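S.K.: Each chain, letter by letter, is given below.
Number of protein chains: 4
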Amino acid sequence: MKDFIRIIAVIISAIFLIVNVPLQLVLLFDEPVELTAIKIIITLILLYDFIENLKAYRHIRARASEYASGNSGFRERFLLFADAVAIIPFDIILFYNPLALIKLIKIFRAADYLRLLRVKLLRGADYFFLALLVLYIPLLSHIFACGWLVLETDYKHADDLTKYLNGLYWSVQTLATVGYGDHPSKTNAQIIYNIVVMLFGVGTYGWILGNVANILSKRDPAKMHYMDNMSRLRAIVRNRGLSDELQNKIREYYEYVWENRLGGFEEEKFLTGLPQGLRSEAEMELKKHLIEKISLINHGGEDFIKAVALYLHHVIYTPEEYIFRAGDTGREMFFLIRGRLEVLDKDGRHLAYMSDGDFFGEIALFEGHIRSATVKSVSYSELYVLDQERFNQALAAHPDIGDKFRETALERMKNK
Amino acid sequence: MKDFIRIIAVIISAIFLIVNVPLQLVLLFDEPVELTAIKIIITLILLYDFIENLKAYRHIRARASEYASGNSGFRERFLLFADAVAIIPFDIILFYNPLALIKLIKIFRAADYLRLLRVKLLRGADYFFLALLVLYIPLLSHIFACGWLVLETDYKHADDLTKYLNGLYWSVQTLATVGYGDHPSKTNAQIIYNIVVMLFGVGTYGWILGNVANILSKRDPAKMHYMDNMSRLRAIVRNRGLSDELQNKIREYYEYVWENRLGGFEEEKFLTGLPQGLRSEAEMELKKHLIEKISLINHGGEDFIKAVALYLHHVIYTPEEYIFRAGDTGREMFFLIRGRLEVLDKDGRHLAYMSDGDFFGEIALFEGHIRSATVKSVSYSELYVLDQERFNQALAAHPDIGDKFRETALERMKNK
Amino acid sequence: MKDFIRIIAVIISAIFLIVNVPLQLVLLFDEPVELTAIKIIITLILLYDFIENLKAYRHIRARASEYASGNSGFRERFLLFADAVAIIPFDIILFYNPLALIKLIKIFRAADYLRLLRVKLLRGADYFFLALLVLYIPLLSHIFACGWLVLETDYKHADDLTKYLNGLYWSVQTLATVGYGDHPSKTNAQIIYNIVVMLFGVGTYGWILGNVANILSKRDPAKMHYMDNMSRLRAIVRNRGLSDELQNKIREYYEYVWENRLGGFEEEKFLTGLPQGLRSEAEMELKKHLIEKISLINHGGEDFIKAVALYLHHVIYTPEEYIFRAGDTGREMFFLIRGRLEVLDKDGRHLAYMSDGDFFGEIALFEGHIRSATVKSVSYSELYVLDQERFNQALAAHPDIGDKFRETALERMKNK
Amino acid sequence: MKDFIRIIAVIISAIFLIVNVPLQLVLLFDEPVELTAIKIIITLILLYDFIENLKAYRHIRARASEYASGNSGFRERFLLFADAVAIIPFDIILFYNPLALIKLIKIFRAADYLRLLRVKLLRGADYFFLALLVLYIPLLSHIFACGWLVLETDYKHADDLTKYLNGLYWSVQTLATVGYGDHPSKTNAQIIYNIVVMLFGVGTYGWILGNVANILSKRDPAKMHYMDNMSRLRAIVRNRGLSDELQNKIREYYEYVWENRLGGFEEEKFLTGLPQGLRSEAEMELKKHLIEKISLINHGGEDFIKAVALYLHHVIYTPEEYIFRAGDTGREMFFLIRGRLEVLDKDGRHLAYMSDGDFFGEIALFEGHIRSATVKSVSYSELYVLDQERFNQALAAHPDIGDKFRETALERMKNK
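Residue numbers (my numbering), protein chains in the order written: chain C, 94 to 509; chain G, 94 to 509; chain B, 94 to 509; chain R, 94 to 509.
Check before you lean on any hint, since a few could be wrong.
Same chains, same names: a pair is fine if it fits in one copy or spans any two.
[As the list claims (entries may be wrong)] Here are the simulated lysine-lysine pairs, BS3-like style, with alpha carbons at most 25 Å apart:
#, residue 1, residue 2
1, Lys342, Lys213
2, Lys381, Lys362
3, Lys249, Lys279
4, Lys213, Lys439
5, Lys399, Lys342
6, Lys381, Lys342
7, Lys380, Lys399
8, Lys279, Lys256
9, Lys279, Lys380
10, Lys399, Lys362
11, Lys469, Lys399
12, Lys213, Lys469
13, Lys362, Lys316
14, Lys316, Lys469
15, Lys95, Lys342
16, Lys279, Lys362
17, Lys362, Lys380
18, Lys342, Lys279
19, Lys439, Lys399
20, Lys95, Lys399
21, Lys469, Lys439
22, Lys469, Lys279
23, Lys399, Lys213
24, Lys148, Lys362
25, Lys95, Lys249
I should point out that these hints are in silico values taken from the structure, not numbers from a laboratory. Everything numeric in this text was worked out from a predicted model, so none of it was measured.
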């Protein structure tokens, strides 16, 4: 937390330096006392940051003997050097001296912090990065505007604000390729500067916009998944034709999946990519609100729960769909997470309703079983399915639990 | 349907507000009585919309006790607030008062409706969204033009149309980065406004164009599928060489697939992604025009049909291709959906033609069978194939149907 | 071929109309007799095209009773109408009359022909389409330039060329968003026209450039495959380290694959997507230069060859790699397509070289076999592998061929 | 190496020609003696290059009788012709004569060299190509600027530098679509030139920027892999919720994978795409630092090591995770590459630590084995796993090694 505040303070300080140092050099205005105060505070922040980074660097070097770290060592040393240079108060001592620009070297450390923040932040990281990119264009425009003011001669006698605004106006219209042309370059120095800004800046501008578009497009995989499925549905309707009723059913299904954030493909891919240990922890956490309700599985102890969690398969039934019918053979048991099921006897007579947390069909885990009743979905229903084979795999890895488990289950069966 | 009309009316009203409110504030023209009438109608529409949304909100809140709804509650409340504010007739009572801009808050509700419409619409949704995007740029230009007119001083004595057109001319040339520069910003206020428009607007403009390109490129998966295959074919011809005859055959095959909208990969992926119940319904609907013709399968009842529909595999034969030859062993039966087949005896003599709806090879479903005749495709032919194994899977899930089915089939065989 | 010439002639005629009709209307120049001659020729071409299309339409309508064709019927009728209108010689009879613009309706037919050409062309289709896109921008600029000339007043007394060039200069700088601003719009009509051009044209321009980029990037899948593999190799070298020798070996392997256009992934995907019949024809054609050399397979007849061609698996051995060693058990036979192999005895003594068209290891197709010699790759060698299991599948579908085949092979073995 | 220097020298010479030849033609300045010296050196370099390429061409033609090389022969001859033309010292003999432009034909050879360099370079190839693209824009601007100077009349009496800078200023602002408009085209010749530059140049400019963006985005697959996983994690956290502890664990895992450049998916895909021989060499090299430590495997000889290397599967355990527990049955052995493991007895008492290079569980390779101890990961640990089945496959291909191997292993077991 302390580190987090320091990082934010350093980033804000760096932005202040970028804005203030070139501006003061170009406009040569009298420094109000409040500005001097801010500069002193910023220098103190940078000093504190340097000390902390030095400590961290020594700590890393001590560990570095164990692992070779290659060229990252150079990067770390350069950043430390930048930290050290930035604390020299050029901008306080040397008025109107280009040497003060050296302090801007701190930008590299700030950029490193931004990278760190982006990685560490989980909620809101994309918005944070978007904000940064959006901030980047005005900062770039500001720096180019200051450069323009150095060479500009038309606004010699204008007030500072007018001067600066015209500089910014010029740089923004150049970077955005609008190019009104109402501030044309005349001297050779101006022309050279202008060419450099166009060559360098225009590409940067396009690069930033591309980045923003990229982030926006990747922001919400669940929404993209939904949109893609809708456009596939549209293609099928257009090309092949489906009844309106079925179209609505499919659309409602995907809306249900989306609104309840059921993840889908991308989530599964992510989980599969994790090493076994992390994966079973993640699966268990995502499923824990259910598993806690199932005494059957809880008997097995935490390790066993983890093993079973991997094998619980998530399925969705739409309203009026049959889970199974009386007389079918079945080899799976079911846990109802959310929704409402109806149990019917062989002749279709209502027996009971089931709701969140209920489970059924457990005998099928021990032997193939003829279903004695029909189970039908009343609303959208989410279930976990555990099939015999997978369950046996889980038991095989925990042989001591098997017998106890079987006993408990069979006892339940008798009582039922 | 009533809801649909309301939604469209609200969207049109919001567009009217966006166009009219800033324009009237900037140009200060005398309001003709027709405009006042329109404003009153729009206020009534917004009032009706507010009441409907309030009802819907209460209904949702009543249900919300069951499921936690998180931050969508805040969004709903904000939209209701926007609805409420927008019905206050600022634009009728307060002439020439910036307070009237508050009514534009209704844009958020209109945007929400647009999102809804896009999702609900199946046919033409892409065109609808394209139209929106295309509309978005002029609206944005309009708003920026109105802002420019507030600050503009050169056109003080021009008539309203000239004034407005020049404003629009300025804003369009800025947003599109054309930037002729014939309406340069002079005062500091103008410059600041101009900079803001460039920073904000240029990105937006690029973003919209990117969106349009994206939608256009995703519009027709069947066409893309065709185009991709053509370019793969071209690469093979260029790199490896294929006889002209075979090139044409392959090209014609893909043309046939495209023109008959046979779907292909994307469609299959979509169907596989659906839950089992929906999937078999969709498969059945896509295949129903065929299945209805097959008494063999219709004997099994609707559930059985659904189960079999999943296992019917779609294949295409090109002209002069052999489905099977006399003497081959076979384990599949075939249903001819479209096209023309020729039946030949062992020695290649013509026996018969088959056309749409005919089926053959059904004995192979019960036991491996030596084909007694040769079947050959005359035109492009689409067939459904049902293999023995899959068919038995379907029967296993419906054991009571098995025997009856077998009987019927064997009887047919004898009569044949 | 006749159709091809007609199509090209119509496209060229349409381009002529696009260029000439608006230009003549705007510049009002005296028509030289050569131009009149060209116009008459073009009208004759359009007449001929109308007649041909009418014939084709009637033919299609006759067939259309068999298959329902939906909205493509409307499109066909509209194009016929366009054909009919375009043959009316407005541009010859009515000098300087905007009615002549009606002839431009022929553009729709030309666009349809272009679409057709692009699809039908296999070699050079991408270049053809690129040329079109590149042509499209000047044509668009030309049309917008003509519109500008109608409204322009500054160049009243200039000669026609100067007038036209200034119009084109204006339209190109607007569409490309360069916007120098040296031809500013002044009257309201000019401003409205300018706004429309910017709103419509700028998007089109971006869209065309995007299309060009897209085509260029998809042009050569084989090259992309090579480049992708190189960049993956680079990533591995950078992150994990590989000896220079091995880097070179891998790079040379991919260069070999690329230079010999061995296709790779994309080709395989394409072939797998074809229906079985076409696929085996394509496979056979790609492999025919080899298969023709193998009397062993040629004994089986053409159908058998097709079946086997599907199962020949293509592999590449790098120099100094072992195909197998004496004492290994093997179940595959090999056909050397290109390259040079060395045969060694158990003790590594040279026995023989093999070159293009040789095959070996064929006894392994009938029973598992201890390899009696070592075979080693001397240069880059391409081989087809046929494994026992796949070979038996091919035989199972052609049981009559089996025995004859076995005999021939065993006989060869004895003689060897 | 000699070739490398020659290639670089030719590329630099070509750049010099592009810059110098048009500039001298346009500005007509007096040639200083240093420039003449440089021109002579460059002509010598081009002469040397021509001779070398001629030798190489003859060598290729000699080999070409073996393989048909199609149209690449034409390309090679054209490049040789370019080489020959470029050595004629037009630019030295003919002052101020447009004929000197012919020398620029050498650009084609230089472009060919650049393509070659890009492919051959492994480290830094992307940076090299980026540098080229960035260089390309100024060169293009330079050439267009020279063209502009030919037609320009306003700067007749200005000094050379001012003239040239204004030309460059014009061409850069046009290519970048900034278009200030302070150097408007007036004569018809200027307007035509300007239109051509806009039509040709603007597309090129956009194409280059797109290329740069593309390269930047593909630069580091390992980083992209990391970033993608982070954004998937974010989506899951936002939609489904995970405890902060588990979020951190997963993030740390991916950081570990990234920082240690463990490759992941892309690397595996690359290796799988190689032919078997190269693949096992690459796998062995990537794993050699480990395999060298394992006397068990080293006993088998190099071929055997290669075979086993393919079957070593890389896994990562997070801190506190169990590799196996006492009482489990196991069929794999493990090699600890990096990290620290703790061995515990059945009752959880500490027995020993294991560190880099240790291996355990080897008896499981010969028969299913009840694990007699528990092994737990203390830090992040990377292990190679070798399972029984895969190991037996490797042994089956090298039957002679089997017994010796078994003996050694069993002996080790007794001594343990």
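S.K.: So, for every hint listed, does it hold in this structure?
M.R.: Going down the list of hints, with the structure as the test:
no. : hint            : in the structure
1   : Lys342 / Lys213 : between (41 Å within a copy, 12 Å between copies)
2   : Lys381 / Lys362 : within (20 Å within a copy, 31 Å between copies)
3   : Lys249 / Lys279 : both (15 Å within a copy, 16 Å between copies)
4   : Lys213 / Lys439 : neither (57 Å within a copy, 39 Å between copies)
5   : Lys399 / Lys342 : between (35 Å within a copy, 16 Å between copies)
6   : Lys381 / Lys342 : between (30 Å within a copy, 18 Å between copies)
7   : Lys380 / Lys399 : within (10 Å within a copy, 32 Å between copies)
8   : Lys279 / Lys256 : both (17 Å within a copy, 12 Å between copies)
9   : Lys279 / Lys380 : neither (69 Å within a copy, 64 Å between copies)
10  : Lys399 / Lys362 : within (19 Å within a copy, 30 Å between copies)
11  : Lys469 / Lys399 : between (29 Å within a copy, 17 Å between copies)
12  : Lys213 / Lys469 : neither (46 Å within a copy, 28 Å between copies)
13  : Lys362 / Lys316 : both (16 Å within a copy, 18 Å between copies)
14  : Lys316 / Lys469 : neither (30 Å within a copy, 40 Å between copies)
15  : Lys95 / Lys342  : between (52 Å within a copy, 21 Å between copies)
16  : Lys279 / Lys362 : neither (59 Å within a copy, 57 Å between copies)
17  : Lys362 / Lys380 : within (17 Å within a copy, 27 Å between copies)
18  : Lys342 / Lys279 : neither (68 Å within a copy, 57 Å between copies)
19  : Lys439 / Lys399 : between (37 Å within a copy, 21 Å between copies)
20  : Lys95 / Lys399  : neither (36 Å within a copy, 52 Å between copies)
21  : Lys469 / Lys439 : within (12 Å within a copy, 48 Å between copies)
22  : Lys469 / Lys279 : neither (82 Å within a copy, 73 Å between copies)
23  : Lys399 / Lys213 : neither (27 Å within a copy, 41 Å between copies)
24  : Lys148 / Lys362 : neither (40 Å within a copy, 41 Å between copies)
25  : Lys95 / Lys249  : neither (47 Å within a copy, 58 Å between copies)
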